[in-house]
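Engineer: What follows is the residue order along each chain.
Number of protein chains: 4
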Amino acid sequence: MAKQINVGVIGAGRIGKLHAGNIVKNFPAVTVKAIADINAGGLADWAQSLGIADVYQDYKQILADPAIDAVIICSSTDTHSHITIEAAQAGKHIFCEKPIDYDVKRIHAALEAVKKAGVKFQVGFNRRFDHNFKKVRELIQSGAIGDVQIVKVTSRDPAPPPLEYVKVSGGMFLDMTIHDFDMVRYLTGSEVTEVYANAAVLVDPAIGAAGDVDTALISLKFKNGAIGMIDNCRQAVYGYDQRVEVLGTKGGITVTNDTPTTVVMSTGSAVTADKPKYFFLERYMDSFTEEMKEFFQSIAENTETAVAGIDGLKPVLIGLAAQESYRAGKPVKLEG
Amino acid sequence: MAKQINVGVIGAGRIGKLHAGNIVKNFPAVTVKAIADINAGGLADWAQSLGIADVYQDYKQILADPAIDAVIICSSTDTHSHITIEAAQAGKHIFCEKPIDYDVKRIHAALEAVKKAGVKFQVGFNRRFDHNFKKVRELIQSGAIGDVQIVKVTSRDPAPPPLEYVKVSGGMFLDMTIHDFDMVRYLTGSEVTEVYANAAVLVDPAIGAAGDVDTALISLKFKNGAIGMIDNCRQAVYGYDQRVEVLGTKGGITVTNDTPTTVVMSTGSAVTADKPKYFFLERYMDSFTEEMKEFFQSIAENTETAVAGIDGLKPVLIGLAAQESYRAGKPVKLEG
Amino acid sequence: MAKQINVGVIGAGRIGKLHAGNIVKNFPAVTVKAIADINAGGLADWAQSLGIADVYQDYKQILADPAIDAVIICSSTDTHSHITIEAAQAGKHIFCEKPIDYDVKRIHAALEAVKKAGVKFQVGFNRRFDHNFKKVRELIQSGAIGDVQIVKVTSRDPAPPPLEYVKVSGGMFLDMTIHDFDMVRYLTGSEVTEVYANAAVLVDPAIGAAGDVDTALISLKFKNGAIGMIDNCRQAVYGYDQRVEVLGTKGGITVTNDTPTTVVMSTGSAVTADKPKYFFLERYMDSFTEEMKEFFQSIAENTETAVAGIDGLKPVLIGLAAQESYRAGKPVKLEG
Amino acid sequence: MAKQINVGVIGAGRIGKLHAGNIVKNFPAVTVKAIADINAGGLADWAQSLGIADVYQDYKQILADPAIDAVIICSSTDTHSHITIEAAQAGKHIFCEKPIDYDVKRIHAALEAVKKAGVKFQVGFNRRFDHNFKKVRELIQSGAIGDVQIVKVTSRDPAPPPLEYVKVSGGMFLDMTIHDFDMVRYLTGSEVTEVYANAAVLVDPAIGAAGDVDTALISLKFKNGAIGMIDNCRQAVYGYDQRVEVLGTKGGITVTNDTPTTVVMSTGSAVTADKPKYFFLERYMDSFTEEMKEFFQSIAENTETAVAGIDGLKPVLIGLAAQESYRAGKPVKLEG
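Protein sequences, first through last, are from chains A, B, C and D. Going by this note's numbering, the first residue of the first sequence is number 1, and it counts up by one from there. Going by this note's numbering, the first residue of the second sequence is number 337, and it counts up by one from there. Going by this note's numbering, the first residue of the third sequence is number 673, and it counts up by one from there. Going by this note's numbering, the first residue of the fourth sequence is number 1009, and it counts up by one from there.
Incorrect hints may appear among the rest.
[Unchecked claim] Derived DSS-like pairs: lysine-lysine, alpha-carbon spacing no greater than 25 Å straight-line: (1) Lys697(C) to Lys613(B); (2) Lys787(C) to Lys807(C); (3) Lys1011(D) to Lys895(C); (4) Lys666(B) to Lys330(A); (5) Lys1338(D) to Lys1005(C); (6) Lys949(C) to Lys1005(C); (7) Lys17(A) to Lys1338(D); (8) Lys333(A) to Lys613(B).
[Stated by the list, open to error] Label pairs and their in silico Cβ distance ranges: (9) Pro877(C) to Lys361(B): 58 to 64 Å; (10) Gly143(A) to Asn974(C): 36 to 42 Å; (11) His82(A) to Asp1062(D): 58 to 64 Å; (12) Phe1287(D) to Ala701(C): 53 to 59 Å.
I should point out that these hints are in silico values taken from the structure, not numbers from a laboratory. A quick note: this is a predicted structure, and the numbers were derived from the prediction, not measured. Idealized CB from N, CA, C, for every residue including glycine.
Sequences and hints are given; from them, build the entire structure.
Structural biologist: Printed below as a string of C-alpha cells:
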C-alpha cells in the first residue's frame, strides 16, 4: 500500500468509533481524516486523541472533501442506501455496514450507483474474516471435504437487545439472522433457493407483542443441492454461541466457540471451563480489522472487494423470504 | 428379581442373537428358554453354547410353552404387529423391536391386544438407555436448563445400507429417523405437532432411483412450544455421528460422540484424535443390555415399561408425516 | 479356545470376586470350578449364583484338584509368592495379582518355581489392557512418534485408603506407584536405570505419621536414553486421574481421562463437564476382562503371557529404589 | 495515565522492534521518542514509519535525554546489567528484558542501583501476563483449589535455536527454563528450595557437543511444601507446547495450548485439529502488550511493578542450581 489512503467515517456510534480506532491503530498507510455525526457535539476530544483532523455534523462535508478517498458508512441503517448513492456519485470508495437497506429497490439503486461510479464497495459482513470461519471456507474450497451436503449455523446472542431496538430492527431475520444468511452463502459458495422459518417467542413475550420472534430454526435449500439449517436465539444464558458445522461427501467440519482462556478447573463438584467470549465485540474484534485490511487492499491494488454488492443484496432477500415463510407457515422459494 | 423369568426370543438375526447373548450373560435371574427362527437350521450349536433349551422354526411353539413368561420379538418388521397380538393373546409379556409396524391401523390393533391382555409391552428404542442421552433427559427433567427452547439431533450413519435393504426399509424417515423422532420425544417430554422435511439425495443416486432420500434436515414444532431439528445422513465418511444439543431458558446441553479411546497424537503435520465408535453395535452396546434390564424389572416388579405402546406409535406417525411433508414440499401438522 | 479350561480362584475379596464374576460372564470356554478363602463361610450363595462348584477354606484343596488347570491368586499380598510356588509345583498355570511380593528374594523364588514347572504365569498389571494405554503402546511401537524422549504418567486416587491399609500397604511407591512403574516400562519398552523420588505429605498428616508419603513426583531415566516422570497423589478431590503423555522425536501423544458421559452443560455461571470415572473399578473394568482373555489365550495356545515374571519383578525393584531415593534425598541407580 | 510518558528503546533487534511497535500502536499516552542500536544504520525508515524522533547508535544518548522518562532494555543479554545501572543512575524507569544477567553479583549490583535511584524496574517475564496463566494464578490466589500440592509446567519449543545461539545462550536452564522457573514462582506464590535436573541430549547430538542439554525434567520443592515439575524440550515437532497443571487440596487446574482456530475436520482417515500457535511471537503476542501496560501504569500511578527485581534474580538462581544439579547428578538446595 504505497499511496496513503484518506478516509472519512460517517456515523460515530459504537461501530463507527470502533472502525476509526482500528484504522488509526492498525493501518499506518491509512489516515482517518474526518468523522461526521449528526451528534457531532461531544466528539472533539475523542477525534483529537486519534488524530482525526475534521469533525463534521453533516456527512456531505466529507463527501465534498476532495482529499478523501473512501468513506466508512456506519450511520443508522435507514441512511445507508442514500449515503451510498451520494458517496458513489462523489467518487468515493465505500465500506458500508450491513445491511445496505431493508428495501430491495433501494439496495438495487445503491448498487447501481456504485456500478456506474466504478468505485470500490464492500459490505460489513465481518464474520467472513473471522479466523475460524475463514478456515472452514478455505477447507471447503480446497476440496478437503468433497461436495457440501449439509451446512449448519448456530448463532445465539447472550441477551436480547432492548425492546425499543427490537421494534425498529427490521425483525430478527433481517437484524440477526442476516449475518448467518451471509455465512451460509460464504461457506457453501452457493445461493439459497428455498427457506422455511420455524420460529417462536420463547425468550420474552414482549418481543412477540412487538411483532417479532426470538427463537428460530431456519431450513434452507441451496442451488448446488446442499441443504442447511440456521439456529437462532436472542438469548443463550451461557453466552454468545457462534458455531458452524459442514458435512461433505469426503468429511465433516465443526467449529466450536472461542473462549477467553483454555483453563479447566476440576473440583469435588464439577469440571468447569470458560464460557464463550462474551459478545460480538470480544468474539469478532480481529475480524473488524481484517475486513478493513481487505477493503484498503482492494483500493490500493484496484481489485474486487471481498464482500461485493451482491453479498449485500442476497442476505436481505433471504431474510425477507424467511419473514414471509414464517407468516405463511410454509417454505418460500428464491431465485437463487 | 426374586422369581426366575423365562423368555423366548423370536427371530435369530443379528439383533435377536444379540439380545439372547446379552440376556444369558447379564441376567442370572432370566433364562432364555427358547429361540425361534424360520431358518432354524443352523442355530443348534449357537443355542447350545448359550444354554438355550429349545430351538424352533415356528414362533408359535414359543407362544404355546406355558413355562415362557415373555417374548423378545426380533423377527422381520412386517411380522411384529401380528406376533405381538398373538403373544399378548397367549399372555406373554412382550419386548418388541422397533417399529411395531409401518401401518398405523396394525399398530393400534397390536396395542389394543396388549392392553386387553394386560401384559407388559416395551418397544426397542434402545437409545433412551444410552449413558449420554439418559443424562441429558435427567438434566432436563431436573430443571437444570429451565424450559426447553430448541432440541437438535445429529444422527448420521457411517455408510448407507445395501440398496436391497433401502428398498424394503420403509424409507429413511421410518427406518433411520424413527430413532431420532423417539429421541426428541424422550428428551423434550413433549409431542411433535408439526414436521417439515427438507431432504435430498446427496450420497448415492441409486437411493434416489429407489424412491428414497439419503440426507435430511427435519424441522419440528412441539406441543410445549419448543422447536427442533433432526439432521440425518446415510453416510458420514468419518463414522457414526450421534449427538444432541438442547437449549433451555436456563442453560444449554451438548453431547458429543463416544470414541474408542481418548488418545490424541500430535505430529508435525496434524493433531489427530479418534473417530467416533464405528456403528450402532459399538456405540449402543450397553443400551441393549440396559433396555432389557428395565423390561425385566417391569415384569418382576409389575411396573410400567420404560418405552410404552404410545412410544411405539408416535414415531411412526411423525415418520409418516415427514414422508408426506417431503412429498408435498410443505410442513405437515400432527395431533400432538 | 477349543479345550475347556478349569480355574480355581484363591481369595474371595473384592478383586477375587470381580475376576470370578468376569470369567463366568465372559468366557464360555472357561469354568470357575472352585473358590478358596480363609473366610469361606459366607460364600456359598454367591458361589452358587455363579455356578461355582466348590467352595474351600484352604487353597491347597484347589491345588490338589487335578481337574483344575489354572489358579487366579487374589489372596492377601503376603501370600502371593508362596502360593505361586505351591501352585507351580502343583502344575497349575498362574495368574497372580500384583505385587508378587515386596521381598525381592521371594519374588525370585516364585519366578524360579514357575520357570522350573514350565507353567504359564501372568501378573495382574491390568492397566496394560486398558483401551487408552494399549493404543499408546501400539502407536509407539508402530514408530508413529519416533524415538521416545519423555514419558509422563499422572496417577492420582480420588481419596486415600483407610489409615490401617496405608500402614500395611508397603508404602505408596509399592502400593500405588507400582502400577505406574509398570506403565512406563510398558509404554517405553525400556528399563528404568535411575529413580529420584520427590515426595511429601500434603493430603493427610496421619499418613506421614504412619511413615508414608501421599504426594510424589518421581523422576526417571531409562536405558534407551528417555527420561520420565510419574505424578502421584493419594487424593485428587475431582476424582481418579489417570493420564499419560509421551513425547517422541516425531510426535507427541496424550491420553485424557475417561468420563461417564460426554455431556457438557452450559449455564449462566459455568460450562461444566463430567468428572473422571470414579475409581479403578469403573475406570478399568474392561481391562480386568481383557487381561483374563490374554491369560486364557496363552494357556490355550501355549504362548507367552502378556505380563511375564520379569514384569512382576521390575516394578518392585523400582519401587524399592524410589523408597531409598526418598529416604536418602538423592537419585538411586538401578541395573536396568 | 494523564501525563505523557516518553520512552527510549535500547536495542532494535526482534524484541526491541516488537516492543516499540506495540507501544506506538497501543499506548496513545506513551511516546517512543528514541531508539538506540549499535547497528543503527538501517533503522531510519522503520523509525520514521513509527514516528520515532531520534535514532542513536549509542544508548547513552537516550540516557542523556532529559525528556525521556523510561527505557526499554532489549540489547544483548550481556549488556542488561550495566545498562540497567547506568539508566538507574540517569533516573530513568527501567523495563529490562530477561535475564538481567547470568552473573548473580552483577544482578545484585543492578538491583542495588535501581533501589538507590528509586526508579521503577520491571523484568520481561511476559508469560505472567498471558490470559491463560494469569487466570490460573487468580484462581489459586482466590483459594478455589485450596493449598497447592503439585505444579507442573510443560514448555517445549517447536525447533531448537541455531547452534551458534545455543553456544552463547547460557545453557537451556538459563535460556529456556528460566521462563518456567518464573512461572512456578508466579503460580505457587512460593520460592523454590530444591531442584533436581534430569536432563539429556535427545534432539540433536550437536547440542550435546556444545556442552548443553536439549531435553529435561526438572523436579522442584517449594518453601510452602508443594512439589513441582518442569518438562522442557528444545523440539516438539508438533509445535510450541505451553501448558501448566496445578493440583490443590480443593481442586485441580489444567491449561491446554492456544490454537489458531477451533476448527476440527473429520474424514475417513482421521479427526484432525489445529496444532498449537506456532511460537512465542504468535502465542504470547498479547502478553507483550500487557506487560508494557502494567509497566506504564506503575510509572503513572507510582506503584510497584508487576515483575520486581527479586523476580529477575530468583529464576537465575534456580537456573544455576539446575545446572549444578545436572552436573552433579543430585538435587541442589536453594535458600528459598
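Engineer: Within a Cα-Cα threshold of 25 Å, do Lys787(C) and Lys807(C) meet the stated pairing?
Structural biologist: violated (30 Å)
Engineer: Per the hint of 58 to 64 Å, is the separation of the Cβ atoms of Pro877(C) and Lys361(B) within bounds?
Structural biologist: Cβ of Pro877(C) to Cβ of Lys361(B): about 47 Å, so the range 58 to 64 Å is violated.
Engineer: Going straight from one Cα to the other, do Lys949(C) and Lys1005(C) come out at no more than 25 Å?
Structural biologist: violated (36 Å)
Engineer: Please verify whether Lys17(A) and Lys1338(D) have alpha carbons no more than 25 Å apart.
Structural biologist: violated (60 Å)
Engineer: Per the hint of 36 to 42 Å, is the separation of the Cβ atoms of Gly143(A) and Asn974(C) within bounds?
Structural biologist: Violated - the Cβ-Cβ distance for Gly143(A) and Asn974(C), about 53 Å, lies outside 36 to 42 Å.
Engineer: Assess, step by step, whether the Cα of Lys697(C) is no farther than 25 Å from the Cα of Lys613(B), and give holds or violated.
Structural biologist: holds (24 Å)
Engineer: Are the Cα atoms of Lys666(B) and Lys330(A) separated by 25 Å or less?
Structural biologist: Holds: Lys666(B) and Lys330(A) sit about 6 Å apart, inside 25 Å.
Engineer: Does the beta carbon distance between Phe1287(D) and Ala701(C) stay inside 53 to 59 Å, or does it fall outside?
Structural biologist: Holds, at about 57 Å.
Engineer: Between His82(A) and Asp1062(D), does the C-beta distance stay in 58 to 64 Å?
Structural biologist: violated (50 Å)
Engineer: When you check the alpha-carbon spacing of Lys1338(D) and Lys1005(C), does it fall within 25 Å?
Structural biologist: Status holds; Cα separation ~12 Å.
Engineer: With the threshold set at 25 Å, check whether the alpha-carbon distance from Lys1011(D) to Lys895(C) stays at or below it.
Structural biologist: Outside the cut-off at roughly 63 Å; violated.
Engineer: Tell me if the straight-line CA distance from Lys333(A) to Lys613(B) falls inside 25 Å.
Structural biologist: violated (39 Å)
The structure does not agree with the numbered hints 2, 3, 6, 7, 8, 9, 10, 11 stated previously, though it agrees with the rest.
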